[in-house]
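Going down the list, the protein sequences come from chains D and R. Plus 589 on top of the position in the first sequence (first one is 1) and you've got this note's numbering. Plus 929 on top of the position in the second sequence (first one is 1) and you've got this note's numbering.
Simulated from the structure, these hints should not be mistaken for laboratory data. Check before you lean on any hint, since a few could be wrong.
[To be verified] A few chain R residues that face chain D, going by a derived Cβ cut-off under 7 Å, partial list only:
{"#": "1", "residue": "His-950"}
{"#": "2", "residue": "Gly-968"}
{"#": "3", "residue": "His-971"}
{"#": "4", "residue": "Ser-1139"}
{"#": "5", "residue": "Tyr-1237"}
{"#": "6", "residue": "Leu-1256"}
[Stated by the list, open to error] When the alpha-carbon atoms are kept at most 30 Å apart in a straight line, the in silico BS3-like pairs for lysine-lysine are as follows:
{"#": "7", "chain 1": "R", "residue 1": "Lys-1213", "chain 2": "R", "residue 2": "Lys-976"}
{"#": "8", "chain 1": "R", "residue 1": "Lys-1171", "chain 2": "R", "residue 2": "Lys-1100"}
{"#": "9", "chain 1": "R", "residue 1": "Lys-976", "chain 2": "D", "residue 2": "Lys-651"}
{"#": "10", "chain 1": "R", "residue 1": "Lys-1171", "chain 2": "R", "residue 2": "Lys-1134"}
{"#": "11", "chain 1": "R", "residue 1": "Lys-1134", "chain 2": "D", "residue 2": "Lys-701"}
{"#": "12", "chain 1": "R", "residue 1": "Lys-976", "chain 2": "R", "residue 2": "Lys-1217"}
{"#": "13", "chain 1": "R", "residue 1": "Lys-1088", "chain 2": "R", "residue 2": "Lys-1213"}
{"#": "14", "chain 1": "R", "residue 1": "Lys-1171", "chain 2": "D", "residue 2": "Lys-610"}
{"#": "15", "chain 1": "R", "residue 1": "Lys-1114", "chain 2": "R", "residue 2": "Lys-1245"}
{"#": "16", "chain 1": "D", "residue 1": "Lys-600", "chain 2": "D", "residue 2": "Lys-651"}
{"#": "17", "chain 1": "R", "residue 1": "Lys-1217", "chain 2": "R", "residue 2": "Lys-1245"}
{"#": "18", "chain 1": "R", "residue 1": "Lys-976", "chain 2": "R", "residue 2": "Lys-1245"}
{"#": "19", "chain 1": "R", "residue 1": "Lys-959", "chain 2": "R", "residue 2": "Lys-1134"}
{"#": "20", "chain 1": "D", "residue 1": "Lys-607", "chain 2": "R", "residue 2": "Lys-1134"}
{"#": "21", "chain 1": "D", "residue 1": "Lys-635", "chain 2": "R", "residue 2": "Lys-1171"}
{"#": "22", "chain 1": "D", "residue 1": "Lys-610", "chain 2": "D", "residue 2": "Lys-600"}
{"#": "23", "chain 1": "D", "residue 1": "Lys-701", "chain 2": "R", "residue 2": "Lys-976"}
{"#": "24", "chain 1": "R", "residue 1": "Lys-1213", "chain 2": "D", "residue 2": "Lys-625"}
{"#": "25", "chain 1": "R", "residue 1": "Lys-1114", "chain 2": "R", "residue 2": "Lys-1100"}
{"#": "26", "chain 1": "R", "residue 1": "Lys-1134", "chain 2": "R", "residue 2": "Lys-952"}
{"#": "27", "chain 1": "D", "residue 1": "Lys-625", "chain 2": "R", "residue 2": "Lys-1100"}
{"#": "28", "chain 1": "D", "residue 1": "Lys-600", "chain 2": "R", "residue 2": "Lys-1134"}
{"#": "29", "chain 1": "R", "residue 1": "Lys-952", "chain 2": "R", "residue 2": "Lys-1088"}
{"#": "30", "chain 1": "R", "residue 1": "Lys-959", "chain 2": "R", "residue 2": "Lys-1088"}
{"#": "31", "chain 1": "R", "residue 1": "Lys-1114", "chain 2": "R", "residue 2": "Lys-1103"}
{"#": "32", "chain 1": "D", "residue 1": "Lys-635", "chain 2": "R", "residue 2": "Lys-1134"}
{"#": "33", "chain 1": "D", "residue 1": "Lys-635", "chain 2": "D", "residue 2": "Lys-701"}
{"#": "34", "chain 1": "D", "residue 1": "Lys-651", "chain 2": "D", "residue 2": "Lys-701"}
{"#": "35", "chain 1": "D", "residue 1": "Lys-625", "chain 2": "R", "residue 2": "Lys-1092"}
{"#": "36", "chain 1": "R", "residue 1": "Lys-1103", "chain 2": "R", "residue 2": "Lys-1171"}
{"#": "37", "chain 1": "R", "residue 1": "Lys-1213", "chain 2": "R", "residue 2": "Lys-1245"}
{"#": "38", "chain 1": "R", "residue 1": "Lys-1213", "chain 2": "D", "residue 2": "Lys-610"}
{"#": "39", "chain 1": "R", "residue 1": "Lys-1088", "chain 2": "R", "residue 2": "Lys-1103"}
{"#": "40", "chain 1": "R", "residue 1": "Lys-976", "chain 2": "R", "residue 2": "Lys-952"}
Heads up, the beta-carbon is just placed ideally off N, CA and C, and yes, glycines get one too.
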Amino acid sequence: MVEIPAQDIRKWVSDLLKSGKFVVLSTITGYQEGDKIFLLYHFATKDGMVDVRSSVPLAGPKIDSISNVLPGAILYEREIHDILGVSFEGIPDNRRLILPEDWPDGVYPLRKDYPATRGEK
Amino acid sequence: MNERIILPIGPQHPLLKEPTHFKLTVEGEKIVDADIRLGYNHRGIEKAAEDRTYVQDLYMIERICGICSHVHATNFVQATEELMHVEIPARAKYLRVIVGELERIHSHLLWLGVAGHEVGYDTLFMVSWRDREVVQDLLELITGNRVNYGMNTLGGVRKDLTKEQIDEVLKGLKVLEDRTRYYAKVALEETTFVARVSGVGPLPKDVAISHCAVGPTARGSGVDYDIRRDAPYAAYNEIPFKVITSDRGDVLGRTIVRVLETFEAINIIRYALEHLPEGPISIKVPRKVAAGEAESRYEAPRGECIHYVRSNGTDKPDRVKVRAPTLANLTSIRYTLMNQQVADIPIIVAAIDPCLSCTDRTQVILAQADSKRSENLSWGELRRRCVTKKPL
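Just chain R, same shape as in the assembly:
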C-alpha cells in the first residue's frame, strides 16, 4: 500500500486538553512522519512582562501553567532575587521545597491517571485521581489554594506552617505513600499494563541527549540528569534524595521513573518537615532592581524549566524568557512516533505529559496521480457535506 494519509490532530479537539496541532503522516497503521504546530495558546506573556513591575509579573507568571504554577513562580523569584543580591531565609527555602514536591506528587498522580486512561485502563484513572485529592487538600491546607498557590513572594514565601498543619501533612503523606506503593505494583507488575506500554515509543539514550529531552522523558531513557542534584536551588543541596532513571527508553520506562519519583518526593517532604529551620519566612526587598541578568533553573515535574531575567535598573524587567519543559520534549516526540502504530499515538504523546488522543479528520494525499479517491475539500465544502438538511 503506497497510499499515505495525513492525520491531523488538533488544534481544537474534544479530547485535547491543550491546543496543539499534530500532523501525522501514516501508511496504513504505521506512522512515517510527524509534524507539530504550536502557538494556539500563545498569550505574549514574555512581552507583557516587560510592561509590568516585578511584583505584578510574579502574579502573571504564576498563571503560565495551572499544574506547575509553583515552578514558574519559584523560578521567576529566584532569578529576581539573584538580581537583587538578596539571600532568602532558610525556612523560606524549605517551604518552597515542600510546596514544590507536593506539586510534583499531584502532577505525577495526574499523569498516571491520564496514562491509564489513554491505554484503556480507566480504573487506574479513577483511582489515582481520587487519591490525588489527598495532595490537593494538603496544598489547600498549606497555601489556601488548590491551584496557583500564591506561595512565593520576592524575598521569601507568604505563608508559614504551624505545628498542626505539619501533623496533617504527615498524616496525608502516609496515605499517599500506601497508595503509591499500590501504583508501583501496577506499573511494574500488572501484566496487561506492562505488555501494553513496554517497547512503545522508543527513545534511545543518545537520541534523548541529542534532541535535548528533559525530565522523566530523558530519565526514562537512562539520561542521569536532574537539576535538583546537578544545579541545586532552594534547599535541595541539604536534602538527600535519589535521582530515578530507567534504561528501558520506552513508555514503561517513563512510567517507572514517575511512580518511583513520587516516593522520592514523599521522602523529601518528610525530611524537609523534620529539619524545617526556625526563623522568619521572608525579608524585605528593594522595589527597584539593579541592572544585570540572571537565569534560574528548576526541576519541574515534566523536566527542567528555565527562566532568564534581564533588568535595566527600573522596577520593570527588560526581558523575561521562559522555557517550559514540554517545548524541550516536543523535539524528541517526532522521533518516538516514527514507525509506531496509530493506536499508540495517544500514549506516546501522553508519555511526555502533555496529552491528547483520538483522531480528527483525514485527507488523502500522495495517491496515484489519476486516483479518483484523492480530493481536496475547502472548509466550506466540508461543512456543507457534514450538515444534514433534515433534522435527525
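Looking at chain D on its own, in the form it has when it is part of the complex:
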C-alpha cells in the first residue's frame, strides 16, 4: 500500500507507466471516512498487485484525472464522480455514467450522510 498526496497522483501514474512493464489499472475504489474521501487505485503489474491511496477533503473534493495518461481509468473516474462527487480535473468526458438523468445535482449516494434505507412514508 502506497500513500501519496492527491496533487502527485498523475505524475506517479505516469512514472509507473514509463517503466515499460505490464501495468493495468484494475479499478478505483472511493470511500468516505470522516471529513475526507479516500481514493484507492488498485493496479495489477508484472511484479504483483500495487494499491495506491490518496485523499481529498469532503468539502470540494478535487483530484487530477489519470485518464489522459491511462485511458482505461475513465469509466472508474466517471463512476466515482457520480456516486461520491469527486471532480476529476482534466477528465476528457465528465458525463453521468450510472445515475439516472433526473437524479438531483449535489446528491451523492455513497456518501455517509445518504441513508442506506429509504425512510418510511
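Position chain R against the provided structure of chain D, taking the given hints into account.
Using the frame of chain D, we list chain R on its own:
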C-alpha cells in the same frame, strides 16, 4: 456521403439481454464513433451492503450476477475471511475451485452459443446450449442449484462431495471433453465461421493494456495475464494449468481462448477431484469483524473481478466495492467498434461477453444545414406516427 447517423441500441431492446445503451455514429455502413451509457440495472448493492451483516451481504452479493454468482460470492468471502484472519480448510479451497471451474465451463459454452447465434450459425447455438445442460446438471448435483449455487459460507463451503458424486462428475466431464473437442474443431477449422470472425473487432495488444482490458478479451490480444496464476487464490497455487493466449487480437482470438480454456477447466477439475484433501469443509468464524480492509481478486469467466471490503469493527461492513469484468472491458469496446461494419456490431459486442444485437431506431444528424430530411421528433410525436388508427 457526409451524412452521419446515430444508431441507438438499447437500453430496452427485444434482443438485449441486459439493459445497456449503445450510441453508435455511423457513416453509411462504417462505425465512426461509439458511446456507452450504463446504469439501467444499477441496484445500489454497494450501498445496501453497508446496512446488512456480512452473512446477509453474502446472499445479496451472490445475486449480483446469475451466470457468475460463484465468482462474487467467493470474492466476498475471501475478502471477509482475510479481515477475520481465518484460514479455511484445504478441502473447502478445492471445492471452491471445482465449482468455480464448472461455472467457467457453463459460462464459456453459453458464450459460444451466443457467438454462434450472432454470426448466424444457429446450429452451434442449439448444440452448445444442449451440452451446457450436462454441466448445469453437475452443478445441481453438487450444490443443489443450477444458478446462485449457495456453495460458499464464511469460513468454508456448505456442501461436501461424496464418492458417488465424484464419479458422476467424472462421467459428465468425459462427455464435456468430447463435445468441447468438437467445438475446438469448429472454432479453429470450420471455414465459414473462421472467415466470418477473423479480423473482426481488432484490439492490438498495446491498446488492450492501456484500456485495461481483462480476461479472454485481453488474452485474445496476447496479454498474458491471469489472476489464477499471477495472484493465486483458493487452491490454484497447487493445481497445474496453462494460461491460454492468442496473438490474433480479433474475435477469432477471443473465441480460441475461450474454447481452449474450457479444456483447461476440465483438467483443473479432474486434478482437483483426484487430489481432493480429506478433512472438514468449514470452520467457525467470529460474528464481528475487526476493523481493517481487504481486497480479493478472482479470475471470472469474463476476466478479473475485484472486491474491496472495509470493516469498522461491527458486524456490518463499512464499504463494499465490486468491480465486475464487463466494466473493465467496456472501455476497450469503443476502440474495437471503430471503423467496423454495422453488420459486425453484434459479434464485436458479444465478443467481450455481454450480448446484444440488432438495431433500434435511427435519427439523422449532421446533415446539410438546409436538408429537409433531418428532423427531430419528440417521443410523443414518434409514438403518434407509429400507432395506426385502424386495426390491421
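Quick rundown of the hints versus the structure:
{"no.": "1", "hint": "His-950", "verdict": "violated (11 Å)"}
{"no.": "2", "hint": "Gly-968", "verdict": "holds (3 Å)"}
{"no.": "3", "hint": "His-971", "verdict": "holds (5 Å)"}
{"no.": "4", "hint": "Ser-1139", "verdict": "holds (5 Å)"}
{"no.": "5", "hint": "Tyr-1237", "verdict": "holds (5 Å)"}
{"no.": "6", "hint": "Leu-1256", "verdict": "holds (6 Å)"}
{"no.": "7", "hint": "Lys-1213(R) - Lys-976(R)", "verdict": "holds (27 Å)"}
{"no.": "8", "hint": "Lys-1171(R) - Lys-1100(R)", "verdict": "holds (23 Å)"}
{"no.": "9", "hint": "Lys-976(R) - Lys-651(D)", "verdict": "holds (22 Å)"}
{"no.": "10", "hint": "Lys-1171(R) - Lys-1134(R)", "verdict": "holds (20 Å)"}
{"no.": "11", "hint": "Lys-1134(R) - Lys-701(D)", "verdict": "violated (41 Å)"}
{"no.": "12", "hint": "Lys-976(R) - Lys-1217(R)", "verdict": "holds (19 Å)"}
{"no.": "13", "hint": "Lys-1088(R) - Lys-1213(R)", "verdict": "holds (15 Å)"}
{"no.": "14", "hint": "Lys-1171(R) - Lys-610(D)", "verdict": "holds (22 Å)"}
{"no.": "15", "hint": "Lys-1114(R) - Lys-1245(R)", "verdict": "violated (50 Å)"}
{"no.": "16", "hint": "Lys-600(D) - Lys-651(D)", "verdict": "holds (16 Å)"}
{"no.": "17", "hint": "Lys-1217(R) - Lys-1245(R)", "verdict": "holds (8 Å)"}
{"no.": "18", "hint": "Lys-976(R) - Lys-1245(R)", "verdict": "holds (12 Å)"}
{"no.": "19", "hint": "Lys-959(R) - Lys-1134(R)", "verdict": "holds (23 Å)"}
{"no.": "20", "hint": "Lys-607(D) - Lys-1134(R)", "verdict": "holds (17 Å)"}
{"no.": "21", "hint": "Lys-635(D) - Lys-1171(R)", "verdict": "holds (17 Å)"}
{"no.": "22", "hint": "Lys-610(D) - Lys-600(D)", "verdict": "holds (17 Å)"}
{"no.": "23", "hint": "Lys-701(D) - Lys-976(R)", "verdict": "holds (10 Å)"}
{"no.": "24", "hint": "Lys-1213(R) - Lys-625(D)", "verdict": "violated (36 Å)"}
{"no.": "25", "hint": "Lys-1114(R) - Lys-1100(R)", "verdict": "holds (22 Å)"}
{"no.": "26", "hint": "Lys-1134(R) - Lys-952(R)", "verdict": "holds (25 Å)"}
{"no.": "27", "hint": "Lys-625(D) - Lys-1100(R)", "verdict": "violated (56 Å)"}
{"no.": "28", "hint": "Lys-600(D) - Lys-1134(R)", "verdict": "holds (24 Å)"}
{"no.": "29", "hint": "Lys-952(R) - Lys-1088(R)", "verdict": "violated (45 Å)"}
{"no.": "30", "hint": "Lys-959(R) - Lys-1088(R)", "verdict": "violated (52 Å)"}
{"no.": "31", "hint": "Lys-1114(R) - Lys-1103(R)", "verdict": "holds (17 Å)"}
{"no.": "32", "hint": "Lys-635(D) - Lys-1134(R)", "verdict": "holds (15 Å)"}
{"no.": "33", "hint": "Lys-635(D) - Lys-701(D)", "verdict": "violated (36 Å)"}
{"no.": "34", "hint": "Lys-651(D) - Lys-701(D)", "verdict": "holds (18 Å)"}
{"no.": "35", "hint": "Lys-625(D) - Lys-1092(R)", "verdict": "violated (55 Å)"}
{"no.": "36", "hint": "Lys-1103(R) - Lys-1171(R)", "verdict": "holds (20 Å)"}
{"no.": "37", "hint": "Lys-1213(R) - Lys-1245(R)", "verdict": "holds (18 Å)"}
{"no.": "38", "hint": "Lys-1213(R) - Lys-610(D)", "verdict": "violated (42 Å)"}
{"no.": "39", "hint": "Lys-1088(R) - Lys-1103(R)", "verdict": "holds (23 Å)"}
{"no.": "40", "hint": "Lys-976(R) - Lys-952(R)", "verdict": "holds (29 Å)"}
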